[in-house]
Each structure stands twice: as C-alpha cells, then as structure tokens.
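Student: Sequence:
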Amino acid sequence: MNNSQDTLNPLNKKTAPIQDNYVGLEYPIKVLQIGEGNFLRGFCDWMIHQCNKKGYFQGSIAVTQPRPAGKEKIDKLKEQDGLYILLTRGVENGDRVTSSEVISVFSQVINPYEEWNTFLQLAANPTLEFVISNTTEAGLNYQPTLLEEGVPIQSFPGKLTLFLYHRYLHFSGNTEKGLTMLPCELLERNGDILKECVLRYSKEWELPEAFIKWLKEHNLFLNSLVDRIVTGFPKGEADSLFKEWGYKDSLLNTAEPYHFWAIEGNSELDHRLPFKKSGLNVHWVEDLSPYQTRKVRILNGAHTLMALRGILSGMETVKEFMENSNFSHFLHEVIKKEVIPSTQGDFNENIVYAEEVFERFTNPFIHHRLADISLNSLSKFKHRLLPTLKSYVDLNGALPLGIVQAFGALIRFYKTEKLKGIWTGEDFNGYPYILKDEEYVLEFYREQWLQYQENQISLLQLVENVLGNKDFWDENLNRIEDLSNLVHKYLAEILKVQ
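So in UniProt numbering, the last one in the sequence shown is 498, and the numbering has no gaps at all.
A portion of the hints provided could be inaccurate.
Straight-line C-alpha distance at most 20 Å; calculated SDA-like pairs for lysine to any residue [claimed, not checked]:
id	residue 1	residue 2
1	Lys470	Glu454
2	Lys78	Gly37
3	Lys14	Lys78
4	Lys336	Asn326
5	Lys382	Glu244
6	Lys243	Leu87
7	Lys295	Pro387
8	Lys53	Ile366
9	Lys319	Lys382
10	Lys71	Ser155
11	Lys235	Ile366
Here are the simulated distance ranges between beta carbons [claimed, not checked]:
id	residue 1	residue 2	range
12	Asp75	Asp471	40 to 50 Å
13	Arg96	Gly246	44 to 54 Å
14	Glu188	Asn93	28 to 38 Å
15	Leu375	Glu148	17 to 27 Å
16	Ser289	Leu450	34 to 44 Å
17	Asn281	Glu79	56 to 66 Å
18	Thr98	Pro68	30 to 40 Å
19	Thr98	Pro208	29 to 39 Å
20	Glu79	Glu493	43 to 53 Å
Treat the hints as calculated values from the structure; they're not laboratory data. Just so it is clear, CB atoms sit at the ideal spot from N, CA and C, and this is done for glycine as well.
Using the sequences and the accompanying hints, generate a full structural model.
Tutor: Pasting the structure below:
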C-alpha cells in the first residue's frame, strides 16, 4: 500500500457503509471454499451473496487457501472481517454499466497450514452442504502423499479426502451428511477428475471400504463450466476509489457484468443452491459437453483468431482488434458462418452466446493483451479451431475459408528465430513479438522456415510438412482434400509471394 492509502482505515464491519445485507455473515456455514483468489470472489461468492440478498440461500462460507503461499489474502480477509468490494463494470445490452457492492459471505476464514485442526473440525459442522474450489488446473491432480497425524496435507484433493473421512467418522456414516463438490477449475470433467483423485487417496491411505462406499453413494462430484472475466485489483484506480469511499480495501476486486455457470446435475439442486431462482445465469444440465464445446469453439476460438491476425498486424489488445472495422467484420463472419453452423447445440442459443461474446470483447475496462492469448497458439489452434474446420468439411464437403486463412496466419506467426534464449517473430511492419510454446514446436518451425528461405523446400512443401506433423495434430492433415493447397494460397498472399 502506498502512503495515501495508509492514512485510511481498512474495510471491516466498523468502517463499512451500513447495509442490511451484511446478515450473510451471521448465517450458518453451508459452504467450504478452497480458494481465496480473485475468480471465486468475483464469481461464486458474488452469486451466493445475491442469493442471500433475496433470502433464498441463508448460508455463509468458510474460506481457506489451497496452498501455503496464499496466506496474504487470508490474513487480509481476517483483518477485514471477511468483507471485500466487488466492482462490476463493462458493456451490457450496448450500454456501459458499473456498480460496486460490499460482499459479505465469509463467516469463517481459516489458514489450514496454521489452523489444521480448525479446518478438520469444520467437517463436523451439521449445516455444511457444499465444497467449492478453484485451485487452478495444476491444483486438481493426484500427488502421492503420506498421511501423518497433525500434518497439513498439501494437495487439494488430499485435503478433501481427509476432510470427508473426518465427516464420515463424526456422523457415523450418516447417508444424509454427504457433501456436494462444485470444482471450478478449468478442466473438462473437473468433478470426475476430483472424484477419481479422492478415491485414489482413499485407497492409498487404506481407508475403510465402508467409507469408500459412503463416498461413492452419498457425495456428489459435479462437473461444471464457469465463465466470467475477473480482472482483480485495479491498481491504477485504487487510490481515488479509496479516497472517495473513506476506507481502503486490500481485496478490492473487479469483474465484467457477464457471468455463466453450467453445472452437470439435477435441476432439483437449485432448491438447495438457488442460483437460478435468484435470477443468475446458472444452468443445471444433463450433459455439459455442448456448453464446453460452445465455449471452446466460439469464445476461445475467437480469441485465437484475434491473437494470430492481430499480433501480425501490430495490435496489442482485444479491444484494439474489435475497434478495427475490417478485423471485427472478419471475426463476426467466421464465427457466425463457419464456427456456429459446425458446433453442436441449439443454433439460436449459440448465436445469442456469440453476440454476448462480441459485446464482452468491447469492454472498455478490460485490457486483454493478445500476447497473453497467443501463449501455446499451436495447441490452442488444434483444440479450438481445427475441430470446427473438420466438422465444417464433414457437413459441407468444403473448407471454411476464414479458418483456413487463420491456418496460414498460424504458420506465418511461427516464422521465428531464437535470440539470446528468447523466441521472437516479426509482424508485418517489422516489429518483434515474443513466441511462447514448447521448445520442439518452435525448433520445428524455425527449421522449416530456414529451409524455405534457403530454397531447400518450396512454400507448399513447408505447408505440407506442417500439416503432416503428427506430433502437432495426432494425424496427417494433408489427407483433408485441398487443405494444403488452400493454406498455401493464403500463406503466399500473406507473404506477398506469387
């Protein structure tokens, strides 16, 4: 904190503005939350706060960090009585919107690495129903771990396993005391992955078969898909905001208005966790895959399209790309005429979703760098755009020209060299950009471009070598009729080679 902020008192129950919705702090604990970061506080916690404001949930959250390094935010939450402000701003239905609200859902804040017994004792809480997590993709995995009395377990699935075992023992295997797990990590089938890890720990630690049976039959591990841009602490604006409010908030958070959560589970669960009843954009669905596919192909696919074309043209941000009428038109055309017709799910719903995505891209409050999106572009192209290309061919017997153009841009984007340990390329204006990908990917492209520049291979051969690399694509893409010729055509146009 700088000096101007240090003269102000921190946000807490004494300094916060009087609002009748602080009753959330007094509600019984219904949720254990593993993760104290920006995303959960700008997404799940905000949602539960809205449910409490309407009187539908009447529950609070016990929050803890997933790893020892998260101590700073946990300490700040304790100092601020679990309170923080969420600043929501962006574009909604064509209009700029902004609002701020004190979020009051944390009734208990626990550091499990300093308060391990307190953490485990929470398992005996009779009102507890849910576990929400966001420990990043790396946190949702199995790590062999010794089970030692009084020693905190490092991994999230390991912690959860012991927590559930303590609950099982305390309630003597009561079938009504199982919990519902809602992982928010950005992995497909995240609930299934979490359940698999917990079962693996149970067997590694030789926990009783009766517990494993209770675990399988009376606890729910729900797959879910989350979507909201949460941008965190607004460093450049914090001082003026704190001066206006009269107190400082070290945990001030910012998010876009858009939010979406699809949860693979029975809609009757909304009676227990009334998101939809509270008017939130949350959907209980039988099959998550159409929503997963929609997000990957439309939102993430659009990001990859923008990053390749934008960086080569000297652009820095998503907003800058969208403000260029030619580029914005290209993006709209590809998404609406190539991506959506090739994507499973309701066509009209996908169109509405795409319009929401385009609006989100124009948010003037979000500085989304194309360089960040371009990380591992080859893998992203494979998972985000290549499936659309193949589906389009299957449906139409022809190639989607916009995505084929993007394929040409991808190959040009990887025209790279290594200087002082850093892989760089040059945009169309001769300015450098940095490429970040697997070393073998960058080495392959450098060798191909070097052979082309030394007239050892033709441009068409370069294209065929890229398309035929099974390490990249798990197949030989030259088998797709006319793909190599058309990618070559667009790449030649990019290079101005006749």
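Student: Look at each hint and say if it fits the structure.
Tutor: Structure-based check of each hint:
1. As the CA atoms of Lys470 and Glu454 are separated by approximately 25 Å, the hinted pair breaks the 20 Å bound.
2. The suggested pairing of Lys78 with Gly37 holds, with an alpha-carbon distance near 14 Å, which does not exceed 20 Å.
3. Annotation: proposed proximity of Lys14 to Lys78 holds, straight-line Cα distance about 14 Å (limit 20 Å).
4. For the suggested pair Lys336 and Asn326, the alpha carbons sit about 16 Å apart, so the restraint of at most 20 Å is met.
5. Between Lys382 and Glu244 the alpha-carbon distance is near 48 Å, which puts this suggested pair outside the 20 Å criterion.
6. For the hint pairing Lys243 with Leu87, the CA-to-CA distance comes to about 15 Å; that is within 20 Å, so the pair holds.
7. For the proposed pair Lys295 and Pro387, the alpha carbon gap of about 13 Å is at most 20 Å, so the pair holds.
8. With a C-alpha separation of about 28 Å, the suggested pair Lys53 and Ile366 falls outside the 20 Å cut-off, and the hint is violated.
9. Our distance criterion of 20 Å between C-alpha atoms is broken by Lys319 and Lys382, whose separation comes to about 25 Å.
10. Our distance criterion of 20 Å between C-alpha atoms is met by Lys71 and Ser155, whose separation comes to about 16 Å.
11. Using a Cα cut-off of 20 Å, the hinted pair Lys235 and Ile366 holds, with the two alpha carbons roughly 13 Å apart.
12. At roughly 46 Å, the beta-carbon separation of Asp75 and Asp471 lies within the given 40 to 50 Å, and the hint holds.
13. A hinted range of 44 to 54 Å is violated for the C-beta pair Arg96 and Gly246, which are about 25 Å apart.
14. Range check, Glu188 to Asn93: Cβ separation about 31 Å, and the 28 to 38 Å hint holds.
15. At roughly 38 Å, the beta-carbon separation of Leu375 and Glu148 lies outside the given 17 to 27 Å, and the hint is violated.
16. Ser289 and Leu450 have their C-beta atoms about 42 Å apart, which keeps the hinted 34 to 44 Å range intact.
17. Look at Asn281 against Glu79: about 33 Å separates their beta carbons, and that is not inside 56 to 66 Å.
18. Against the hinted window of 30 to 40 Å, the Cβ-Cβ separation of Thr98 and Pro68 comes to about 36 Å, which satisfies the hint.
19. Separated by about 54 Å at the C-beta atoms, Thr98 and Pro208 break the suggested range of 29 to 39 Å.
20. Between Glu79 and Glu493 the CB atoms are about 59 Å apart, so this pair departs from the stated range of 43 to 53 Å.
Hint compliance for this structure: hints 1, 5, 8, 9, 13, 15, 17, 19, 20 are not met, and every other hint is.
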